[in-house]
Amino acid sequence: MRERLKKIPVNKYIDLALFLFLVTFPLYQKTYWIYVMSGIMAYMIFALSLDLLWGYTGLMSMGHSVLFGAGGYMVGISCAYLSEASWIKYDRLPWFLTPLSSEIGAFIMALVVPGIIALFIGLFMFSGKIRGVFFSLITLALAGIAELFVINQSTYTHGDSGITITSRTVLSNSADKRMTDFGFYFVVFAFLLAAYLLCVLLMKSRTGKVLKAVRENESRLQFLGYKPASFKLFIFVVSGMMAGLSGVLFVRVQGSINYTAIGINLATLVLVWVAVGGRGNLTGAMVGTILLQVAETILNSTFSNISADFAQYWKLALGVIILIIVFFIPKGFVGTLVEAEQRRKDRNRKERILRKGGVNGNG
Amino acid sequence: MKKSSKFTALLLSLALLITGVGACGKGTSGDATKASSGDTIKIGLVFSLTGGTAISEQCMYNSALLAINEINAAGGIGGKKIEYVVKDYATDADTAVKVVKDLILQDNVKAIVGLYTSSSRIAVEPVLEEYKIPLVYPTFYEGEKPNPYVVYTGCVPNQQGDYFVPYLMDNVSKNFYLIGTDTTYASIINDQAKTLITSLGGNVIGEELVSSDTTEFSDVIAKIKDQCGDQGCVIYCNLNGDSGTSFYTQFSAAGLSDNYTIASFIMDESFSTALGKAAVGTYACVNYFNTIDTDANTKYLKAYSDAYGADSAKAVTAVGESTYDAVYLLSKSLEKCGADITTDNILKNFDDLTFDAPQGTIQVDPDTHHIYCTARVGLVQDDGTIKIVYQSDKPIKPEPTK
Numbered sequence: 052m053r054e055r056l057k058k059i060p061v062n063k064y065i066d067l068a069l070f071l072f073l074v075t076f077p078l079y080q081k082t083y084w085i086y087v088m089s090g091i092m093a094y095m096i097f098a099l100s101l102d103l104l105w106g107y108t109g110l111m112s113m114g115h116s117v118l119f120g121a122g123g124y125m126v127g128i129s130c131a132y133l134s135e136a137s138w139i140k141y142d143r144l145p146w147f148l149t150p151l152s153s154e155i156g157a158f159i160m161a162l163v164v165p166g167i168i169a170l171f172i173g174l175f176m177f178s179g180k181i182r183g184v185f186f187s188l189i190t191l192a193l194a195g196i197a198e199l200f201v202i203n204q205s206t207y208t209h210g211d212s213g214i215t216i217t218s219r220t221v222l223s224n225s226a227d228k229r230m231t232d233f234g235f236y237f238v239v240f241a242f243l244l245a246a247y248l249l250c251v252l253l254m255k256s257r258t259g260k261v262l263k264a265v266r267e268n269e270s271r272l273q274f275l276g277y278k279p280a281s282f283k284l285f286i287f288v289v290s291g292m293m294a295g296l297s298g299v300l301f302v303r304v305q306g307s308i309n310y311t312a313i314g315i316n317l318a319t320l321v322l323v324w325v326a327v328g329g330r331g332n333l334t335g336a337m338v339g340t341i342l343l344q345v346a347e348t349i350l351n352s353t354f355s356n357i358s359a360d361f362a363q364y365w366k367l368a369l370g371v372i373i374l375i376i377v378f379f380i381p382k383g384f385v386g387t388l389v390e391a392e393q394r395r396k397d398r399n400r401k402e403r404i405l406r407k408g409g410v411n412g413n414g
Numbered sequence: 016m017k018k019s020s021k022f023t024a025l026l027l028s029l030a031l032l033i034t035g036v037g038a039c040g041k042g043t044s045g046d047a048t049k050a051s052s053g054d055t056i057k058i059g060l061v062f063s064l065t066g067g068t069a070i071s072e073q074c075m076y077n078s079a080l081l082a083i084n085e086i087n088a089a090g091g092i093g094g095k096k097i098e099y100v101v102k103d104y105a106t107d108a109d110t111a112v113k114v115v116k117d118l119i120l121q122d123n124v125k126a127i128v129g130l131y132t133s134s135s136r137i138a139v140e141p142v143l144e145e146y147k148i149p150l151v152y153p154t155f156y157e158g159e160k161p162n163p164y165v166v167y168t169g170c171v172p173n174q175q176g177d178y179f180v181p182y183l184m185d186n187v188s189k190n191f192y193l194i195g196t197d198t199t200y201a202s203i204i205n206d207q208a209k210t211l212i213t214s215l216g217g218n219v220i221g222e223e224l225v226s227s228d229t230t231e232f233s234d235v236i237a238k239i240k241d242q243c244g245d246q247g248c249v250i251y252c253n254l255n256g257d258s259g260t261s262f263y264t265q266f267s268a269a270g271l272s273d274n275y276t277i278a279s280f281i282m283d284e285s286f287s288t289a290l291g292k293a294a295v296g297t298y299a300c301v302n303y304f305n306t307i308d309t310d311a312n313t314k315y316l317k318a319y320s321d322a323y324g325a326d327s328a329k330a331v332t333a334v335g336e337s338t339y340d341a342v343y344l345l346s347k348s349l350e351k352c353g354a355d356i357t358t359d360n361i362l363k364n365f366d367d368l369t370f371d372a373p374q375g376t377i378q379v380d381p382d383t384h385h386i387y388c389t390a391r392v393g394l395v396q397d398d399g400t401i402k403i404v405y406q407s408d409k410p411i412k413p414e415p416t417k
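Read top to bottom, the protein sequences are chains A and B. Counting from 52, one number per residue, gives the positions in the first sequence under the working numbering. Counting from 16, one number per residue, gives the positions in the second sequence under the working numbering.
These are computed hints drawn from the structure, not numbers from a lab.
Here are the computed lysine-lysine pairs in the DSBU-like style, where the Cα-Cα straight-line distance is at most 35 Å: (1) K95/B <-> K147/B; (2) K140/A <-> K160/B; (3) K363/B <-> K317/B; (4) K209/B <-> K140/A; (5) K125/B <-> K228/A; (6) K412/B <-> K363/B; (7) K95/B <-> K57/B; (8) K317/B <-> K125/B; (9) K412/B <-> K140/A; (10) K382/A <-> K278/A; (11) K238/B <-> K140/A; (12) K228/A <-> K57/B; (13) K81/A <-> K63/A; (14) K81/A <-> K125/B; (15) K240/B <-> K209/B; (16) K363/B <-> K140/A; (17) K81/A <-> K351/B; (18) K351/B <-> K412/B; (19) K147/B <-> K140/A; (20) K209/B <-> K292/B.
Please take these sequences and the hints and turn them into a complete structure.
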């Protein structure tokens, strides 16, 4: 038992603590914080999806919000259509959006459409052998384009004004089916847990190992006979669908969606969360998101409580905190912990080998 | 040794999270004791103190504080002082929803004053409906089906464009070139203008909608010059933020101002003072310019300049003034409620409420909860002030759904 516990890496313990914390959180908190934490959990799924791509596979997507927003907008457009929002001037949805005329169809579309977008971007980029910084720049541009696209397609997206829906329902847009903040918290929590377990399983599998190999040395992997392009495409689509799911949940928590959910702003934010938490171990993505989002919420309200003239400096304070973190622990909170543990393991191993007086001991 | 470090990590992370949350809890209870002090009425103020529209909203925020301080200095609302909580929504609709929920659930405010962008207003409307808290929205905007929980103290297109376009046709030119940022606001304004221009026998020479981050207009200016030729035209411009300032500067640098005149809803005192020469000779249209000669306005500007300095008083704008009105109207409505402050009463008491505002007497329309106000056309002078060249003879009924 002791041996088995020893083998579990340190970040899994943090995961356990985090989930225990999340599951008990609403029991002693007020409605406002339950609502805030529901939104943060939706963002955590988003951060996990980016971690699959950036942390494990080494593809730094600077436009991941496109997939988040695509999921959110599917639900938004569907709800607006079904409840005949007052700004709607069209009679029926275009043929490729017809599944949105049913509630379940909208949910499925919210997963499929981001997947398809990821598939097309991926096909184009990976078959063209675009990698590294060029991948990042192209995805960054995509986020900018998506933001403008959504504003321009105002017939369906209500332009820069955005769409409002009934919040806290799982599938519908009717106020009768609205859940309490407490109830909906656990819906989001269940999705987060499922997404987390999926990520763990995926990364434990052989596919996960190949994906890490893509990050470490793509050329060598190719030389060994693998096709990195298809693995990258696979993880991009999975990550895209997950981002779409988080978009849906976020819109359901928030009750509205607008162009900021698809643009460069959110795309950069999620990078910061993952960077601060530490990438490549799932825990970091979740911890980074929760820390920075809670910090943002508390700073904003604390600063305005101290004095009204002081209120505008909360962003400055947040920025300084992020800078300090990135400067002093560039691997992020969890990344640094995991690294420290690894270093100690290596040292112990070395000592053991030296004690045996030879290198042929099998550790 | 190894295992214990793991447990330390586990314990540490748990402790960290719990203390973190303890901190949030503390903030909450502190607010609760403050709210229960009984002899104050708590309202929420939501403005972008950071973010893209912070420049425009600074004047709104200042005016709101000014009005609150004036009301409190004069004895408050029926003896109760106004207590306010300020929140920054950083020009982001999602943050707006969050801070409005914070105000309602944590701070227990009776009413909220603020918001500037349409997207943030639309995003918080469901929250207002869910928790039944009134919002006084002080910005002039494109018009919508009035929300029962919102009171609008800015003007709507029928109180601007319906008077602006005819004035420009009579006094400047019958040819119009429309340009705007691709937003719901500009497209509604432009559609309204197009209908009006055609029905009055003018020509729409062209229309251009640009994305909100456009700051390079040489091709647009060349196009305008090409299509209008020597006949000249009015450039009906609804570019917002940086886009607007870039257009004015580049247009003035192109040296076309003899033949072409820019007319814009977004031109106000903050723009005209910031732009300097580039704004001179262009037209503006809104319900308030700070050159209005009323006693209330003199008093307002004097108080503003005492509180924030003479230079910032020169840049007092229509949204600032309507925020000032918003706070005063809200205080009047709260006063009428007496001891029985409920959302229904607050909203009902807004019906037909009048206020002797800096812009002249305004009245709340009971059907739409918008205000009756006077339409004014202004011309930017050499010193950056805006001279009123036309005003409608009586306050105009608001028609937000027109």
